[in-house]
Structures are given as structure tokens and as C-alpha cells.
Amino acid sequence: KFAIGFTQDITAQKISSQAVLEGEERFRDLFEKAPISYQSLDESGDIIEVNETFCLLLGYSREEVLNRNFSEFLDTTGLQTFKQNFPKFKRRGYVSQVPFRMKKKDGTFIDILLDGKIGHNDDGSFKQTHCVFQDVTEKLKMEESLRLAELQYKELVERSSNIVTRVDLDGILLYVNQVSEKIYGLPPEECI
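Its first residue numbered 92, the sequence shown is counted upward by one per residue in the working numbering.
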């Protein structure tokens with residue numbers, strides 16, 4: 092009796108398979124830890140994928156958001172915007188810098204700017220959205236604070252009993268308050 096056997100060197104296949112697995116792990120880690128929130132929606136607007144940054148920002152676990160409609164996380168204005176514009180987004184293929192207010196798990200809201208593209212199947216049909224967004228809540232608060240401070244400053248300047256002016260480096264008058272009319276008899280627009 093005798094036995095016949097065949098051997099095949101599969102070292103290259105194992106190395107190749109290991110490289111693919113390591114690449115997938117690296118990609119998954121980059122996706123999860125990216126410093127920007129990611130979400131993917133199906134054709135009806137239900138969330139089918141989010142990254143860890145999305146979950147941390149809004150305070151939800153992945154399980155708490157998957158299969159829920161994106162509109163459930165929006166304020167009333169955002170809900171209307173989403174309902175009106177999601178069909179247009181799917182037709183157009185992309186959106187850029189769309190503002191939304193999203194509700195966090197603790198009930199507070201954050202302001203975001205969303206960018207997105209549509210992913211397609213091989214036949215060109217809708218597959219899913221690929222959207223990223225950034226939290227701009229603090230930026231908007233600072234801008235509003237600056238705007239209010241500027242209004243208060245302008246009000247103080249206009250109520251001043253002294254002439255207040257602003258000139259450029261060449262000495263050209265750029266601004267003068269209303270007191271100029273009382274003192275010089277010229278309205279501010281004629282002084283500038």
C-alpha cells in the first residue's frame with residue numbers, strides 16, 4: 092500500500108490575507124476615530140452607519156441611532172429643511188454646508204454644518220448617503236456675542252455727546268457719529 096499526497100505552498104495567500112485584514116482594521120480605526128462626525132442614510136433617511144465621533148458628540152450609542160430616521164434628531168426648523176431638501180439632495184448628488192440643529196441625548200441642541208454625497212450602486216441607483224458634519228455651536232455663539240458687542244458699541248458711540256470718528260491710515264474719514272450735525276451742521280454722510 093502506498094499513499095499519494097499533494098502539497099501546496101500557501102504562504103503567499105496567508106500573507107496576502109493577513110495584509111487585507113490589517114488594512115481593514117486600519118481603515119476601521121481611521122473611520123471610527125476621525126475628528127469629524129460621519130453618518131450614512133438609506134433612501135428613506137434612516138441612519139445605517141455612524142462613526143464613534145458621531146456617537147460621542149450626540150451622546151448616543153451606535154445601537155440607539157441605527158435604523159432611526161435622521162429627522163428624529165433635528166429641531167423643528169431642521170425637520171422641515173430635511174423633509175423638503177432630502178429628495179433634492181438625492182437627485183443632485185451632493186450638499187455642502189447645510190446648517191442643522193441636532194438634538195443630543197441629554198436634550199440640548201448643537202448647531203452643525205453638514206456636507207454630503209450620494210453613493211450609488213453599480214447600476215447607478217441610489218445606495219446610501221455619505222455625510223460628515225462639524226459642530227459649529229461655539230463658533231456661532233462667539234459670532235453672536237461679537238455682533239451684540241458691536242451693536243452695543245455703536246449705540247454708545249451714537250449716544251455720545253462727543254464726536255467719534257474712524258479714519259484710515261491715509262487720514263480719510265470712514266465714520267462719524269450723529270453729533271457732527273449738531274456741532275458742525277453737517278450730517279455724517281456729508282462728512283465722510
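Treat the hints loosely; a few may be bogus.
Said to hold, decoys possible - Label pairs and their in silico Cβ distance ranges:
1) Glu143 with Lys218: 46 to 52 Å
2) Leu237 with Ile263: 22 to 28 Å
3) Thr199 with Thr256: 41 to 47 Å
4) Gln171 with Lys232: 32 to 38 Å
5) Asn160 with Gln225: 37 to 43 Å
6) Gln188 with Asn160: 19 to 25 Å
7) Thr228 with Asn158: 24 to 30 Å
8) Met233 with Asn158: 24 to 30 Å
Unchecked claim - DSBU-like mimics (lysine-lysine), calculated; alpha carbons at most 30 Å apart, straight line:
9) Lys230 with Lys124
10) Lys218 with Lys230
11) Lys179 with Lys208
12) Lys195 with Lys179
Just so you know, these hints were derived from the structure itself, not from any lab.
Remember, it's a predicted structure, so these values are computed and weren't measured experimentally.
A virtual CB, placed ideally from N, CA and C, is assigned to each residue, including glycine.
Structure-based check of all given hints:
no. : hint                           : in the structure
1   : Glu143 with Lys218: 46 to 52 Å : violated (23 Å)
2   : Leu237 with Ile263: 22 to 28 Å : holds (25 Å)
3   : Thr199 with Thr256: 41 to 47 Å : holds (44 Å)
4   : Gln171 with Lys232: 32 to 38 Å : violated (24 Å)
5   : Asn160 with Gln225: 37 to 43 Å : violated (22 Å)
6   : Gln188 with Asn160: 19 to 25 Å : holds (22 Å)
7   : Thr228 with Asn158: 24 to 30 Å : holds (27 Å)
8   : Met233 with Asn158: 24 to 30 Å : violated (36 Å)
9   : Lys230 with Lys124             : holds (23 Å)
10  : Lys218 with Lys230             : violated (34 Å)
11  : Lys179 with Lys208             : holds (12 Å)
12  : Lys195 with Lys179             : holds (26 Å)
In summary, the numbered hints that this structure violates are 1, 4, 5, 8 and 10.
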